[in-house]
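Start from the sequences and build out the full structure, keeping to the hints where you can.
Protein chains in written order, with our numbering: chain A, 73 to 177; chain B, 53 to 426; chain C, 20 to 467.
Everything labelled a hint here was simulated from the structure, so no lab data went into it. Incorrect hints may appear among the rest.
Output of the computed footprint for chain A on chain C, the stretches with three or more beta carbons under 8 angstroms from beta carbons of chain A [unchecked claim]:
1) 290 to 303
2) 374 to 388
3) 391 to 405
Among the chain C residues that face chain A by a calculated CB cut under 10 angstroms, a handful are [stated by the list, open to error]:
4) A52
5) G84
6) E120
7) D171
8) T232
9) G237
A few chain A residues that don't get close to chain B, going by computed Cβ distances all over 10 angstroms [said to hold, decoys possible]:
10) P81
11) P82
12) K84
13) A89
14) H113
15) Q120
16) A122
17) D125
18) N148
19) G167
20) L168
21) N172
Computed from a predicted structure; not experimentally measured. Glycine is no exception: its CB is placed at the ideal position from the N, C-alpha and C atoms.
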Amino acid sequence: MIIVSRFQPPPKTGATAEFEYEGASITAPQGISLAAALLAHSGAYTRQTAGGDARAAFCMMGVCFECLVEVDGVPNTQACMTQVRQGMVVKRQIGLRRLNGCNDS
Amino acid sequence: MNRTNPEITVVGGGVVGLSVALGLLLAGRRVHVLDGADSDARASQGNFGLVWGQGKGWNYAPYAKWTSDALAAWTAFARKLADLSGIDVALDQSGGFEFFTDAAEMQEFAAMLAQQQRHLGNRFSHEIITGDDLRAQMPGIGGGVVGASFSQMDGHVNPLRFLRALRVAVGAAGGRVTMDAPVARVVPATGGGFDLAMANGRTSRADKVVLCAGLGATALAADLGFSARVAPQRGELLITEKLHDRLPFLSSTIRQVDEGGVQIGGTKADVGLDDSETLDVMAGLARHAVTVYPPLADVRVVRAWGALRVMSPDGYPVYARSSLYPGAYLVTCHSGVTLAPLHASVLADWIEGTSAAPDLEAFDDNRFAISTAA
Amino acid sequence: MSAAITAADGGLRVLLLDEQAQPGGQIYRNVGARLATHSWLGKDYASGLRLLDALAQSGATVQFGATVWRVDSGSRVVWSQNGISQVTTASHILLASGAQERPVPFPGWTLPGVMTAGAAQILMKTAGMLPKDAVLAGSGPLLYLVAAQMIDAGCPPKALVETQTPHMMLRALPHLPKALLSAGTLLKGLGLIGKIRAAGTRRYKCASSFAATSDDSGMINFSFRSKGRLENLTCAVLLTHQGVIPSTHISHAAGITHEWNAAQVAFQPSCDIWGATDRPGLHVAGDGAGIGGAEAACAAGTLAALGILRASGNISADTRNQRATTARATLFRTRAIRPFLDAAYAPPAEILSPPDQTIICRCEDVTARAIRQGMSEGAAGHRQIKTSLRAGMGPCQGRMCDSTVRGILSAGKTSRMGDIAPPRARTPIKPITLGEMAALTTHSEDTA
Chain A
73 MIIVSRFQPP PKTGATAEFE YEGASITAPQ GISLAAALLA HSGAYTRQTA
123 GGDARAAFCM MGVCFECLVE VDGVPNTQAC MTQVRQGMVV KRQIGLRRLN
173 GCNDS
Chain B
53 MNRTNPEITV VGGGVVGLSV ALGLLLAGRR VHVLDGADSD ARASQGNFGL
103 VWGQGKGWNY APYAKWTSDA LAAWTAFARK LADLSGIDVA LDQSGGFEFF
153 TDAAEMQEFA AMLAQQQRHL GNRFSHEIIT GDDLRAQMPG IGGGVVGASF
203 SQMDGHVNPL RFLRALRVAV GAAGGRVTMD APVARVVPAT GGGFDLAMAN
253 GRTSRADKVV LCAGLGATAL AADLGFSARV APQRGELLIT EKLHDRLPFL
303 SSTIRQVDEG GVQIGGTKAD VGLDDSETLD VMAGLARHAV TVYPPLADVR
353 VVRAWGALRV MSPDGYPVYA RSSLYPGAYL VTCHSGVTLA PLHASVLADW
403 IEGTSAAPDL EAFDDNRFAI STAA
Chain C
20 MSAAITAADG GLRVLLLDEQ AQPGGQIYRN VGARLATHSW LGKDYASGLR
70 LLDALAQSGA TVQFGATVWR VDSGSRVVWS QNGISQVTTA SHILLASGAQ
120 ERPVPFPGWT LPGVMTAGAA QILMKTAGML PKDAVLAGSG PLLYLVAAQM
170 IDAGCPPKAL VETQTPHMML RALPHLPKAL LSAGTLLKGL GLIGKIRAAG
220 TRRYKCASSF AATSDDSGMI NFSFRSKGRL ENLTCAVLLT HQGVIPSTHI
270 SHAAGITHEW NAAQVAFQPS CDIWGATDRP GLHVAGDGAG IGGAEAACAA
320 GTLAALGILR ASGNISADTR NQRATTARAT LFRTRAIRPF LDAAYAPPAE
370 ILSPPDQTII CRCEDVTARA IRQGMSEGAA GHRQIKTSLR AGMGPCQGRM
420 CDSTVRGILS AGKTSRMGDI APPRARTPIK PITLGEMAAL TTHSEDTA
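Next up, the structure:
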């Protein structure tokens with residue numbers, strides 16, 4: 073089920089960045105954090121703990137580590153400390169991260 | 053049951069103290085464990101959890117044999133702990149590596165292992181593997197690794213869960229553990245037994261006392277006439293974020309805990325009671341990890357810390373009976389995890405002086421008195 | 020910022036490191052970009068622009084996106100920027116780590132849609148984003164500020180659920196005369212409450228027993244007790260707040276001695292009026308040294324810089340004292356209101372020591388029940404709880420759970436909390452890759 077955004081759409085500042093999230097294309101104003109952009113896009117979870125618990129951004133200031141997502145292949149990245157960037161590829165962080173560059177994946 | 057007058061008081065509630073207590077409880081004794089303060093130096097909270105044999109006692113056959121006995125006893129011990137505590141300590145004894153990036157160091161260690169092999173015969177097995185063979189067996193091992201030694205019986209447990217399991221097992225076996233009860237002095241009482249003066253002003257009475265307080269036992273050991281002096285040796289460690297994938301190896305310097313984080317450690321420094329983590333060592337440990345296994349390069353370190361090993365002057369355990377005050381014992385060692393099965397079984401026989409007692413003369417503390425007198 | 024400005028103006032070489040992308044910290048977050056479009060954020064926020072301008076003019080070198088992950092004796096700072104770590108040496112290091120929200124744990128607080136009031140404010144300041152259908156719950160001036168800002172922006176909250184009790188207000192009253200020295204701030208607060216009243220926002224008082232669940236649509240069902248009655252609210256966003264506490268991770272890891280602030284129910288680094296600590300060369304200022312608010316932080320920054328200028332031999336003690344007069348007066352005035360606010364908006368015991376089913380350590384999924392069980396098994400102190408249950412061993416390093424573990428260990432009794440020594444804070448205080456750590460090169464740079 074689609075969970076709509078819990079926030080009003082952010083005002084357009086002019087410049088935008090288009091990026092990919094879980095296969096969908098999101099356009100967000102330049103200068104906002106990835107966490108903000110994801111909150112604007114949807115109210116659904118953006119990560120799952122090792123135990124399968126659904127989580128999303130909580131503190132927005134880099135303290136809580138709940139907003140972890142995979143950005144351009146780098147897992148466990150704090151979305152609230154990352155600016156939106158044209159062409160970035162973002163995925164939910166589901167459970168524990170994997171080793172990159174591992175032959176058996 | 054008269055709990056106010058235990059037969060045996062164990063001073064120190066870490067891995068060593070709890071293992072010793074468990075052995076005595078299983079032998080039918082009444083035991084009271086006195087643990088120190090939350091902030092005391094606790095080797096049991098900072099360790100790797102290795103169950104490790106290779107290299108141990110290469111130069112001292114009694115230690116090689118004692119360690120070998122411990123490794124052989126670990127599986128049954130883990131089962132017993134699970135039965136008593138309900139906690140699985142995640143014992144994995146599928147063999148361990150020592151990786152080398154320097155050919156001369158590897159040669160040196162190979163010679164030590166050959167010596168250890170001679171002491172132990174078919175109770176020990178090891179092999180030396182070249183870097184190329186390692187890389188063929190385990191893709192991902194770095195190009196800078198010149199080779200490794202491997203020993204079948206080496207392994208690890210989850211050290212924090214192990215400590216918890218010991219604590220619960222001691223309770224389940226009828227032992228009493230008092231936390232936050234540092235002992236200031238142990239005084240032999242007239243007519244036998246000992247009076248323990250606690251730091252909080254209380255006193256406690258015991259027929260027998262076993263000192264298992266690691267670095268905290270120095271003053272108490274001196275009071276009771278023991279000549280062994282242990283000293284702290286700092287080891288620094290890194291722990292990373294948890295990984296979904298399992299590392300294809302266990303080494304004494306790189307191990308993955310069962311929850312998924314990778315621990316990196318193995319350094320040695322004599323800096324007194326300072327358990328700080330230091331930048332140079334942190335960077336060095338990180339360099340070691342990415343050299344041995346380059347896929348670890350983008351894995352994040354979540355924390356670094358230092359822990360203090362309990363080192364006797366020659367690095368071997370001390371099992372000593374006080375000659376001045378019969379009924380007082382000193383048990384101290386590093387590698388308390390490896391040796392735990394023996395501490396929780398045959399050591400009780402040694403404390404009780406039964407016919408089943410192992411011969412631990414080689415670990416008596418008079419070996420230090422002799423060497424200082426010479 | 021104010022310390023950097025004063026120090027640079029005083030002739031010192033200054034390097035300012037901040038992990039955020041732009042200057043402003045949290046209170047003045049993004050003030051440089053947003054000011055023109057969002058007057059509803061208020062005049063106090065806008066006044067931060069002054070500091071930004073002064074910083075730009077001061078000659079201090081500023082690095083953003085720079086995460087300090089270790090502070091070493093001999094005054095070395097290890098910091099990471101764009102995946103590269105470096106070491107910078109200085110004669111003096113000032114830690115101005117600011118504050119974080121006090122964790123507000125209750126059953127369901129980890130659900131998507133439950134956030135801090137501060138998070139909502141950051142979204143307003145950095146993205147102009149306003150929550151739909153929000154409930155504000157908890158206690159403290161920030162709760163009213165966020166509510167007022169939302170009202171001014173045309174997006175009022177659905178309700179305010181306030182945990183403040185008349186008992187707390189009674190305990191605060193003896194501090195009111197002193198608080199009158201900060202009459203301006205008091206009036207501002209009354210103004211906020213007046214605005215909320217005028218907007219007709221529903222207010223639930225004497226609230227307790229928070230619990231949140233959510234359904235398939237993602238909407239949050241928030242239940243609580245208010246004046247004895249069980250209440251239920253449905254909302255898209257639940258914003259909680261129980262005051263702020265100093266961010267002490269870096270000061271703790273740097274080896275600075277900390278003391279318990281009983282009124283604020285938090286640990287803070289020990290320092291003198293100039294921000295000097297018991298570690299030579301390490302100084303602290305601002306909310307990171309004790310909660311005082313933006314104006315106090317600015318004044319404390321000035322004093323810290325003056326202290327460093329004196330310690331560096333750039334000015335005499337007399338000059339330092341003279342130049343400190345205004346800042347000291349500001350500090351005195353702004354601190355005067357603290358005892359009143361701390362008592363009036365004290366965190367309730369059930370937040371400090373929550374019900375069994377509450378997740379306490381969010382990183383490692385450790386519940387209050389597990390902690391209490393660990394205590395009964397013999398884990399007697401904070402350090403032993405941490406090592407036996409992993410509470411505090413995740414990436415946030417205890418920022419979200421240290422206060423609560425302490426609260427559970429003391430069964431919610433604030434009088435006992437100061438006796439519970441926190442576990443060691445270790446570096447890196449933020450996660451750093453093995454590759455980055457391995458590549459570390461020592462790079463000396465005198466900045467003062």
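- Please name the hints from earlier in the document that this structure breaks, with their numbers sorted from lowest to highest. Per hint list: 1, 3, 7, 8, 16, 18, 19, 20, 21 violated.
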